[in-house]
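Enquirer: Take a look at the letters that make up each chain.
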Amino acid sequence: MEILTANNINKSYAEHVALKNVSISIPKQSIFGLLGPNGAGKTTLIRIITQIIDHDSGEILINGEKLSPKHIGNIGYLPEERGLYKKMRVGEQLLYFAQLKGLTRKAAKDKIKHWFKKFDITDWWGKKVEDLSKGMQQKIQFIVTVLHEPELVILDEPFSGFDPINANIIKDEILELKENGSTIIFSTHRMESVEELCDDIALLHKSQKILDGPKKQIKEDFRSNTFIVQHLQDLTQLSSDFELLSKEVIEEDHFVSTIKLQNGKTPNDLIKNLIKEVEIYSFTEKIPSINDIFITKVKAGGHE
Amino acid sequence: MNKILLIIRREYLTRVRKKSFIIMTLLAPVFMGTIWVVPIWLAVQGDTEQKVIEVVDESGLFKDKFRNKKNLTFNFINNNINEAKEGLKNNDHFGILYVPKLDLDDPKGITFFSWSNPSVSLESTLENAIKDQIEDIKLRESGIDKAMLERLKTFVDIQTINLGEDGEKESNSGVATVVGIFSAIILYFFLFFYGAQVMRSVMEEKTSRIVEVIVSSVKPFQLMMGKIIGVAGVGLTQFLLWIILTLVVGVSVLSFFNYDMSMMQNPEQVQEIMAQLPDSEKGKIQAIDKAMHNIKTIPIAKIFFSFIFYFLGGYFIYAALFAMIGSAIDHESDSQQFMFPLILPLIISISISGAIIQEPNSSLAFWLSMIPLTSPVVMMIRLPFDIPAWELFLSMFLLVTFFLLATWVAGRVYRVGILMHGSKVNYRTLARWFFMRN
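Chains as they are written, first to last, in the numbering used here: chain A, 1 to 304; chain B, 1 to 438.
Please note that the accuracy of each hint is not assured.
Derived DMTMM-like pairs (lysine to aspartate or glutamate); straight-line CA-CA distance at most 20 Å [stated by the list, open to error]:
no.	chain 1	residue 1	chain 2	residue 2
1	A	Lys134	B	Glu204
2	A	Lys206	A	Asp292
3	A	Lys215	A	Asp156
4	A	Lys128	B	Glu204
5	B	Lys18	A	Asp131
6	A	Lys86	B	Glu204
Keep in mind that the hints were calculated from the coordinates and are not lab data. For clarity, every value in this text was computed on a predicted model and none was experimentally measured.
Chain B with its partners taken away, still in its complex shape (with noise of 0.2 Å):
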């Protein structure tokens, strides 16, 4: 076998057979899918028991008004509060709601007795319940019709529209913001993780002198590589089980909510949905048709095949960088004044990352898309904005380009470094290095 395979083939097994990776692997998707699922399992079955409300209507202006629902049963009874409030000791009811006779323009004194607290979600029903049946009762006075109302409400919903050379295009804030986002601090997170673990992985090698075995039969620019490119893998490994995972978890947590994906894509059969519903909740379903509607708008093979190369091009760059740094110190604690300028790029890249949102196609954003330390990230969160394709191009050249440098630059330090010891190190033992004839 070719031995920068076997390098790779090494490097790329023990990571992934560690217990950490394992278990990285698996519990972000779960820790995610749990964001994700909670508050729904909540909505849905917060409220399971069965809740009895009875109902003393001293106005006689709520009688069989109030509809029940699926957990929630009104229960008018015809007792004064007292006797009410004796019988709530008996059964075993959840509450009282009491309303007494009341000024419709200033409905005052209604009142919920139980022996535990409501819920807010229950006393917002029970205080919609009761608007509603005022309001209702306030149009029929001043002779407005319900329909009439109904027409009046209005849901209004910009449309934005891209001018683009190869015609217009759909386009959101919105949803690109949040995949941009999301995207670049996914990106960050494995510049920063794997290219570290590449510098402690040089380092010990270079301490524990496995290294003079290792170059006494490979050259030291193949183990660097064959390293930066095992551990690549790892990544990527992570990277593509995360969103198999996702999904697996997604899809299932979907299809256990009765969430049903082919329902957007067939708008009469939505359209035979929402008139059922009632008002209340259309509004959410449309916000929740058009995210869909958006999502499918965002150009997600582009933003996929771009993550992946901004995530080898940007990895390299930092892992050959992270490794001439490995190679190069003693201790970890030595690191520290040259992780930092290293590092500083990121940082910056991510910090600006909401001005950059604000103003995607600003020429900071666009300058910082170009240099390659920072492109990946800003890249990211630019891409879903729909940026033209030659500025992609050109940040994807200057990526590959400076990839290359950087790896000749780290080689060359590398090769030197790794089999000094003791000496102290600063950014001029680092030149004379590079410059070190073999």
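Next up, chain A with everything else stripped away, as it sits in the complex (with noise of 0.2 Å):
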């Protein structure tokens, strides 16, 4: 079942076309990242479906309904570049936010009162703002993106600003939010958080879609039948089933070999063939990371 579908946007500003033919489908208690470049249209996929701009065409559905205002209590959304009253009350500006997403001002109160007490901060309530840390203020802005606890939490960049404790909280709170029912739309930069945490992502790059799936698939497409060997004594000779991309030195006669398999062998040739030769201390396949998957694609330019 999928919490958000999203078929064929298009969305041009005067100048330049910002989406085209974007579709992707986010499927319920996941983790999607929402990956690309710089100006790829991310932060315009997101304004779409939080509803603070409209598409030229296509459609949006939320758990099957088209896209209307009265999902906004569904949806919670972190910006990227983060923003709070500098002069407000903590518990006041919190209560403010989670009425403007349509919560009674007695549940919110109860909400703030429990998130204060997870994050240990029961005494922030009536603290500035202003006289927070820029860590602390964070902490308080995820709190606006998740009291009024939304299906759908969107979060653009969550972890840049937090030292790695606060980020570790955060991680933890994303994943636990997961736990009890909720979808998380994950737009970075980071690849390595997104190694870590999403199930499913997709790639935007200059306006279009470039890739997507279930994180595993598309590792699994990377694979490109390349392995790392370490092993004693130096590897002179190989046969051409085999390409060797690189060798280098840990210690005297100690080497670590990348080996590309060739002409359908398989894992088993190379090891039949490298026994003849050197002593093998580990053999594992080397599979991409999606930063390499990543700068490939977008090195490619998009072209399949």
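Relying on the hints, combine the two individually framed chains into one complex.
Expert: What follows is the structure in structure tokens.
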């Protein structure tokens, strides 16, 4: 079951096309990575989903229904560049945003108290935002985003500005949100967090979607039959069925070689071949990182 | 709660709770009250010290002719001037008035000796006392009766009447001028101050990206209108508090000085009091009485409600346009090019207020009070001069029409502008945003 389906979304501004026939579908209770270089159209897509702007054509469905103002309460959005009212007190600020999302004052109060306890910040209610550190403000903003318990949480670069400890807290919160049934859209450049958290990804480039699917599947598709071998003794001879991509010396006669299979050979064939030449210490497949895939695809200019 | 109400509530409460708002609201009436009180206080309280003036009268003309005043006692002594000067060292009398033998047509040599400088008012009191006495003597010598002279003095005051279609009305340009200028200046200040507040607030939300969170919950137009209405509430609150506080300060000041308001409502009592007063005081009381009377001829209620109307109408127009500017720019320094044409009409209307007061019904005054960007200030100047009703209604109608137009235009630019960062903004950009689809 998909919580969000976007079909052939187009959006253009006066001078340029921001989104061109973009379709994505996001399964319920998953973490979806929306990737792409700057200016690829990520923010535009997010703004369309959060109903900040309209799309020119195409349709967006939330739980199978056409996106409409009644879904505002179902969506939580954390913009990339954060901002809160500096002169306002933390408690009032949270109450204000929660009520804008449609919570009653009382429900909002209860929920805020719950989060204050969770983050161990119960004495922050009366503090002015300008008196908090940047990291503390980020925490408040995170609470603003999820306070109304939205089904769909959209986080734009959620980890920027957090120190490692707080970033970990937020990461755990994201995982917990998913556990509790929410779906998270996650827009970022940080590939290690994509690798770690995302179930599915979509890659936008030059206003178009150039890649999407489950993360596992994509990585599978990008396997290149390349293996990393640590071995004793230099590798001097290799049959033409295998291509030696690189070779590094670690210690005197201790080497790491990257080898690509060719002509339909299997890993076992490679091992058989190597055993004759060297003593194998370790043997692993080189699986492409999302980062590699990202760079490969973007450099290719989006042409499959 | 309705979301726009939430926004209005926040905009209103955060501002009203600010220290700067509270201080300004409290201090302005105190300041105005002080301007009012200090001169009165000085006049009444200035000379509490009892002063004794010794008079050495060699002419013999003034003996016992000086009337003692509240703080002033005249003490005629028979010593010669040198003895009196010696004596002044030992007693604590204020000074010596020395009158030598006088030629009444050219009184010279009258001297006042004292340790400390006499105040200007004391000097003039002494001068008047001597002058009156010399004049009396001269009158007697030339055989003119003093009562006859009093009858010759005439107090002239022209009553001005407006011939209107609904009957004749008393008018007074003096009080009308003050009321007109005063309300125009307050209006000018409010439009400027609160308009700029809206602009800064929009800019704060834009640059801090709060706006992205908010417009994912409400429509940009709702946010803009909520802010404008909330700030309008702050302005009205301040205005009403000023009126109330000024009244409170004023009434307490008046009662402190025993100025009985009811006196003015009872002409017989006034006559009675007037009869007891010396002639010099009569003119003053009549002037005050006339001013009080003239205030009554000014259409206070009409001015008050028109003020509220023009305040809100003018404010909504300016605030919408200011909000548009705030949504377009990233830094306050970029605001200049847009601010100038916007505040120019305001500055023009305040700076030609003098010309409008001189000719409240000139065609310049008429047109400026019709054009919506100048009409709030200019109409407030003209209003106390009792302009025809159709002009007022036409001006109000134009104001409302332009308000709707301005809000529509500003709203369209605003909804795009708040999400745009880093682009260089000029009038063409604004036009492009205006025509942009959502």
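Enquirer: Is the hinted pair A:Lys215 and A:Asp156 satisfied, with a Cα-Cα distance of at most 20 Å?
Expert: holds (19 Å)
Enquirer: Decide if the proposed pair is consistent with the structure: A:Lys206 and A:Asp292, CA atoms, cutoff 20 Å inclusive.
Expert: Cα-Cα ~18 Å, so holds.
Enquirer: Does B:Glu204 lie within 20 Å of A:Lys86 when you go C-alpha to C-alpha?
Expert: Holds. A:Lys86 to B:Glu204 sits at ~10 Å (cutoff 20 Å).
Enquirer: Compare the distance between the alpha carbons of A:Lys134 and B:Glu204 with 20 Å, and conclude whether the hinted pair is satisfied.
Expert: Distance of about 17 Å is within 20 Å: holds.
Enquirer: Need the status of pair A:Lys128, B:Glu204: alpha-carbon distance at most 20 Å?
Expert: holds (16 Å)
Enquirer: Is B:Lys18 within 20 Å of A:Asp131, Cα to Cα?
Expert: Holds, at about 17 Å.
Checked against the numbered hints above, the structure breaks none of them.
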